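A.B. asks: For chain A, the structure is supplied; the task is to place chain B on it using the hints.
Chains as they are written, first to last, in this note's numbering: chain A, 4 to 115; chain B, 898 to 1012.
Hints are computed from structural coordinates only; laboratory data are not their basis.
All figures in this text were calculated on a predicted structure; none of them were measured in a lab.
All clues stand as given, with none of them false.
Simulated crosslink set (DSS-like; lysine-lysine; CA at most 30 Å straight-line): (1) A/102 x A/71; (2) A/102 x B/977; (3) A/102 x A/80; (4) A/59 x A/80; (5) A/102 x B/976; (6) A/59 x A/71.
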Amino acid sequence: GDSVTQMEGPVTLSEEAFLTINCTYTATGYPSLFWYVQYPGEGLQLLLKATKADDKGSNKGFEATYRKETTSFHLEKGSVQVSDSAVYFCALQSYNTDKLIFGTGTRLQVFP
Amino acid sequence: SQTIHQWPATLVQPVGSPLSLECTVEGTSNPNLYWYRQAAGRGLQLLFYSVGIGQISSEVPQNLSASRPQDRQFILSSKKLLLSDSGFYLCAWTIAVRTVNTEAFFGQGTRLTVV
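One chain only, chain A, in its complex shape (with noise of 0.2 Å):
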């Protein structure tokens, strides 16, 4: 069945680092692709989202590229910020049959 694998975390990192957090899935057809975060104390919100091949989904300096050859929609940042903190979600959407799942999460602690 559908699928979706997150690298765990938590994932510390200083103020201006590079972030990459990984995210594979497997489904079948052609899914939608989409990352959430969860800020400490709130509900989870969309971040970014792709839904197709090669589409590169980019919201607040994050971007994330779905590649359908390596079944992977990676998070990247250029420079985190102490306000990155929180926990990030991959997520899959069916197009098939609507079923939305969830990765396991993964913590970004960033330090001034």
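C.D. replies: Okay, now just chain B, sitting in the frame of chain A:
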């Protein structure tokens, strides 16, 4: 605008008691509806989802069930709670348009403690 309501926010129930958590969506028609359980280190575990009235897909065999008696109402139930049912439950909805997959909107969640 669309809104999602989930209640109650917190709940403490004894083992063996029944459970009913309710989720309603306003401002849209025929949404996809989802129930998740969020646990530390396990992310969001999909429990049930529904693409229409009376249509329920179960993802994890367990002590829970779901129903969708109305288009914008999604209920999570149990006849007899177990200690292992404790957790944080989230309801979510998306637009049910196959060609345009959009973002999911989440309720505020219910913290369930089974004692």
